[in-house]
Every structure is written in C-alpha cells, then in structure tokens.
Amino acid sequence: MSDQMQSQQPQSASEIRVRASEWLVKRYDSEGWSDSDQTQLNSWLAEASAHKIAYLRVEAASKRADRLGALRRPAPAPGRLIPALKIVAVAAAIVVIFGASFFATQRGVPEKTYVTGIGGHETLTLRDGSRIELNTDTSLRVADSGAKRVVSLEKGEAYFQIVHDATHPFVVLAGNHRVTDLGTRFLVRRNNDTLRVSLLEGRAQFDTEDSHGKQQATLNPGDVVIATTTSLSITQAPTQTLDDQLGWRRGVLVFRHATLAEAAAEFNRYNPQKIVVADSHIARLNINGALRANDPKAFVRSMKVFFDLRVEERPDTIILSR
Amino acid sequence: MTQTTDASLEGKTLRLPGAAMTEPELDAWFVREVLPLEASLMQYLNRNWQDSSQVEDFRQDVYIKAYEAARNERPKSVRSFVFAIARNLLIDKVRRSQIVPIETAVDLDALNIAADEPGAERSVIARDELRLVKSALERLPKRCREAVTLRKIDGLSTREIAVRMGVSPRTVDAHLVEGYAHLADILYGQPDVADKKA
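From first to last, the protein sequence lines are chains A and B.
FYI, the numbering for the first sequence is 1 to 322, going by our numbering.
FYI, the numbering for the second sequence is 1 to 198, going by our numbering.
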C-alpha cells in the first residue's frame with residue numbers, strides 16, 4: 001500500500017470488514033436502496049482495493065449462505081422458530097462428534113466423552129453455539145442436556161468460548177475444583193494434581209474444596225488460578241502471557257524465559273518422542289521464542305546450534321547433554 | 001472452471017504474458033481462486049507471526065497485493081503467487097520488528113513446501129456445500145444466527161425478522177452485518193474441524 005493510500009485509509013482490516021458487511025446488508029437486506037446509495041457504494045469500492053476485497057469477500061460468503069434456502073420450512077408459523085433452530089443445532093452437534101462414546105450418568109443426563117491423543121487438537125461445538133477446543137492428550141466428558149451444561153476435564157487442556165445463558169450456567173469440573181462461567185472465554189489445564197484456570201474475557205466463579213474446607217473466588221479477565229491439592233493462588237497475568245498460553249491453538253509453543261527443562265516438558269506433552277535433558281546444568285538454560293509444537297527436532301537443532309549441546313537421538317527419546 | 005467459455009478464456013489469458021483482466025474478471029477471479037486459499041493462508045500467517053491481532057491486517061495486505069498485481073497480469077499458479085506475497089510480507093515485517101527472528105526464519109524456509117502441498121481447500125469443492133454453510137451458521141453468535149437463519153432459511157424481510165425477534169429493524173441490520181462478517185471469516189478462514197474429518 002502506498003503512503004498516500006494509508007493516510008487516506010487509516011482503518012484496520014477488521015473495521016473495513018464490518019463496513020463492507022454494512023454495505024452488503026444495506027444493499028440486499030434493507031429496504032429502499034436508491035441510486036444515490038449505489039453511487040456512494042461505488043465510490044467507496046473505488047476508494048481502495050482493501051474496500052473492494054472486503055466487499056467481494058463478504059458478498060461471496062453471503063451468496064454461499066443463500067444455499068441455506070434449501071432448508072426452508074413450509075410456511076413457518078410464529079413460535080416454530082426455536083424448535084426449528086434446535087433441529088439445525090442438533091444436526092451440527094452430531095457432525096462434530098469424534099471418537100465419542102455414549103453413556104448415561106446416574107441422573108440420566110446423557111454424557112459424551114471426547115478424547116485427543118498426543119499431538120491432537122480438536123474443536124467441538126455445543127448445541128448453544130459454545131465452543132470447546134481440546135489440546136493434546138486431553139479427555140473430557142460433556143453433559144449437555146440443554147437444561148444443564150456440565151463438562152468434566154479428566155486430563156489435559158481445553159479452551160472454552162461459552163455462550164452466556166443466565167438460566168443454564170456452564171460448569172467445568174476438574175477434580176475437586178469447579179469453574180462456573182458467567183459468559184466467558186477461558187482456558188483450563190489439568191496436569192496431575194495441578195489445575196490452572198486462565199480467564200481471558202467475561203467473568204467466572206471458581207470453587208474448590210479440599211481438606212481445609214471450601215474456598216470461592218470470582219475471576220476477572222487476566223486472572224490466572226493455580227490450584228493444587230494443598231494450595232490455591234490467583235494472580236493477574238498480562239495479556240501477553242494469556243496469548244502465549246493459547247499458542248497451541250495455532251500450533252506453537254511460546255516460551256519467555258523458560259528453562260530448557262520446562263520447554264522440554266512442554267514439547268513432551270505434544271510428541272511421542274520425548275526430549276530428555278540429561279544434565280542438570282543445561283536444564284536451567286534460558287529459552288525464548290515461539291516454536292512449532294509438533295516439531296521437537298527443530299527445537300533440538302536450535303539448542304544444538306545456540307548452546308552447543310550434544311544430541312543423541314533414539315526411537316523414543318532425544319537426549320540432550322553437554 | 002468446468003464451464004467451457006471460462007476454460008477457453010483462461011487458456012488464452014495464460015498464453016499471453018502480461019495479459020490484463022477486466023474489473024469483473026478480476027473480481028470473479030479473486031472470489032474463485034484466491035478466497036479458497038484463506039484457511040491455508042491464515043494458518044501460515046498465524047504460525048509465523050506471534051501477534052495474532054495483526055494477522056487480519058496481514059491477510060488484507062496479501063489480498064491487496066494479489067488483487068492489484070493480477071489486474072495487470074494474471075498469475076499462472078495462484079497458490080504459489082499468493083504464498084510468495086505472504087512470504088515476502090512476513091520477511092519484511094520480521095526485518096522491521098525483530099520479533100523472534102530465529103524461529104520465524106526457520107518457518108519461512110519451510111514455506112516453499114507449504115506452498116506446494118495440496119491444501120485443504122482442494123477438497124472443499126467436493127464437499128457438501130450446504131452442510132458446510134449450515135455448520136458455519138451454527139457457529140455464529142446466538143442473535144446473529146437467529147437473524148441470518150430467518151433471512152437466509154426462511155427468507156423473511158428485515159421488518160418480519162424484527163417482529164419475530166422482538167427488536168428494531170436497525171438491530172436486525174446490526175445482527176446481519178455481524179453475522180455476514182463472521183460467516184466470511186468462518187467459511188473462508190476457519191472451516192470447522194468436523195468438516196475436515198468428513
């Protein structure tokens with residue numbers, strides 16, 4: 001983009017995308033599209049390629065959505081909206097089931113279990129539109145009866161984008177801890193006895209019950225809870241840290257002043273071939289940067305080059321030493 | 001692409017170096033050839049850039065460069081053309097920002113492989129378009145989903161939708177605006193995992 005164009009168009013791609021969508025709705029969905037509207041649209045489109053591209057993109061998406069007309073119900077009567085939406089929702093929910101096993105709890109709420117293997121990454125969409133992304137080596141059970149939304153994280157890590165519903169709170173159980181959402185995005189990681197909950201948006205309530213009794217805390221955006229069987233801490237983390245924790249969603253591990261031992265442990269969550277740090281001195285080496293989670297060899301190569309380490313590769317392990 | 005007129009036109013354009021496209025041809029080319037690459041492109045940009053808030057602007061810059069360059073000369077291989085633009089853009093930004101240069105450099109080297117491997121978008125064409133769009137609709141925020149459903153499935157007007165949803169027509173418009181913008185992101189940028197498995 002030329003400097004001149006940038007000074008004329010200080011808008012971000014995201015703003016232009018919304019503007020393009022506004023034009024589209026005005027043109028096709030609203031009433032009273034006039035010649036003068038058309039002239040204005042034409043001049044907006046001619047103003048910058050960014051405008052043109054954004055418009056073509058949203059228009060193409062809307063045209064693709066026109067195919068939904070094939071699902072049109074004969075004479076939709078008032079009051080049928082909700083059941084009809086549910087039919088679409090259930091159909092989509094069935095589509096997202098992967099490796100799910102069905103069983104019912106004592107209370108009769110049907111549950112499904114979702115499992116990812118080492119290096120796995122799956123997304124599931126609940127019937128209310130809430131989304132859960134499962135990271136590597138994760139197992140969770142979902143009871144989504146509509147009236148009740150309960151997820152139990154058995155192990156691993158999951159990222160939740162929850163559609164708020166005041167009458168049906170969304171609950172995540174992990175061991176003797178419980179997170180109750182109040183309309184949020186949050187990340188939960190369960191590793192042996194340690195649970196980490198990071199709240200990115202909205203509000204949530206954290207409850208825990210241990211030998212000392214019950215404890216409760218309200219979480220605000222940026223709060224990170226670390227709970228073990230014997231301790232509970234809540235700290236405020238900068239946005240950067242939360243972004244880093246979510247690096248796996250795009251396939252990367254982000255380290256900021258991590259030790260080599262910590263970085264190796266992270267890689268080992270994602271890969272069957274385990275990195276072994278065989279020397280306590282090098283275990284404390286400082287690691288910074290973003291690396292592909294599924295490529296421990298690239299990480300090891302960098303270590304070799306930058307820290308002059310010895311690398312011994314075996315079928316199941318990669319051993320690092322001085 | 002199965003249309004004969006289109007195919008013969010393509011053949012002619014390809015044989016002429018520097019052949020230009022008219023505006024409607026260019027627009028149709030962009031929608032047909034470039035937009036389906038978006039999921040791969042976003043994945044590539046996300047993997048190679050830490051600050052995810054900048055990726056949408058990156059994508060826009062890549063599209064602008066592709067669109068404007070194709071105006072004068074239609075590229076032979078759209079995929080390598082688009083990814084070469086993305087790669088140059090990333091190199092440029094890395095040089096200026098100095099953010100994680102080591103790892104980014106590693107990934108940039110791997111790009112040539114990424115640009116050659118057949119992407120997920122190839123199979124998109126063969127997939128059930130209706131199911132794909134339905135699943136995208138399902139992923140919209142609740143109110144947007146309702147508005148888009150009433151518009152696209154039931155074919156209701158804004159005023160009718162407003163009555164159904166118990167809101168003003170202006171609010172319906174706002175839901176549709178948000179809904180379409182999201183739909184574009186989902187349909188082009190992030191087709192559902194479940195669809196990939198199908």
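It should be emphasised that the hints constitute simulated quantities derived from the structure, not laboratory data.
Here the structure is a predicted model, which is why all the values come from computation and not from measurement.
Fair warning: there could be bad hints in the mix.
Pairs of lysine-lysine, DSS-like flavour, derived with a Cα cap of 27 Å [claimed, not checked]:
| id | chain 1 | residue 1 | chain 2 | residue 2 |
| --- | --- | --- | --- | --- |
| 1 | B | K65 | B | K93 |
| 2 | A | K148 | A | K63 |
| 3 | B | K93 | A | K148 |
| 4 | A | K26 | B | K134 |
| 5 | B | K93 | A | K63 |
| 6 | B | K142 | A | K63 |
| 7 | A | K26 | B | K93 |
| 8 | B | K134 | A | K148 |
| 9 | A | K112 | B | K142 |
| 10 | B | K134 | A | K63 |
| 11 | A | K155 | A | K112 |
| 12 | A | K63 | A | K26 |
| 13 | B | K93 | A | K112 |
Distance windows between CB atoms, simulated [unchecked claim]:
| id | chain 1 | residue 1 | chain 2 | residue 2 | range |
| --- | --- | --- | --- | --- | --- |
| 14 | A | S34 | B | S77 | 34 to 44 Å |
| 15 | A | T317 | B | R32 | 30 to 40 Å |
| 16 | B | G166 | A | A147 | 58 to 68 Å |
Ideal Cβ positions, reconstructed from N, Cα and C, are used throughout, including at glycine.
| query | Taking only the CA atoms, is the gap from K142/B to K63/A under or equal to 27 Å? | reply | Since the Cα atoms of K142/B and K63/A sit roughly 21 Å apart, the hinted pair holds (cutoff 27 Å).
| field | Distance restraint hint 34 to 44 Å, applied to the beta-carbon atoms of S34/A and S77/B | value | Cβ of S34/A to Cβ of S77/B: about 43 Å, so the range 34 to 44 Å holds.
| request: Quickly compare the C-alpha distance for K93/B and K112/A to 27 Å and report which way the hint goes. | output: Violated, at about 45 Å.
| task | Given the hint that K93/B pairs with K63/A, test it: the Cα-Cα distance must not exceed 27 Å. | result | The given pair, whose Cα atoms are some 35 Å apart, is violated under the 27 Å limit.
| field | C-beta pair G166/B, A147/A: status relative to the range 58 to 68 Å that was hinted | value | Roughly 23 Å apart at Cβ, these two residues miss the hinted range, so it is violated.
| task | Verify the proposed pairing of K134/B with K63/A, using a straight-line Cα cut of 27 Å. | result | It holds: about 13 Å lies between the C-alpha atoms, which stays within 27 Å.
| message | Between the alpha carbons of K93/B and K148/A, is the straight-line distance 27 Å or under? | response | This hinted pair is violated, its Cα atoms lying about 47 Å apart.
| task | Please test the hint of 30 to 40 Å on the beta carbon pair from T317/A and R32/B. | result | Taking Cβ atoms as reference, T317/A and R32/B lie about 49 Å apart, which means the hint is violated.
| query | Straight-line Cα separation of K26/A and K134/B no greater than 27 Å? | reply | holds (24 Å)
| said: Check the hint pairing K134/B with K148/A against an upper bound of 27 Å on the C-alpha distance. | reply: holds (25 Å)
| task | For the pair supplied as a hint, K26/A and K93/B, confirm whether the alpha-carbon distance does not exceed 27 Å. | result | violated (37 Å)
| Within 27 Å, alpha carbon to alpha carbon, are K155/A and K112/A? | OK: K155/A and K112/A at ~15 Å, within 27 Å.
Violated hints, in rising order: 2, 3, 5, 7, 13, 15, 16; the structure is consistent with all others.
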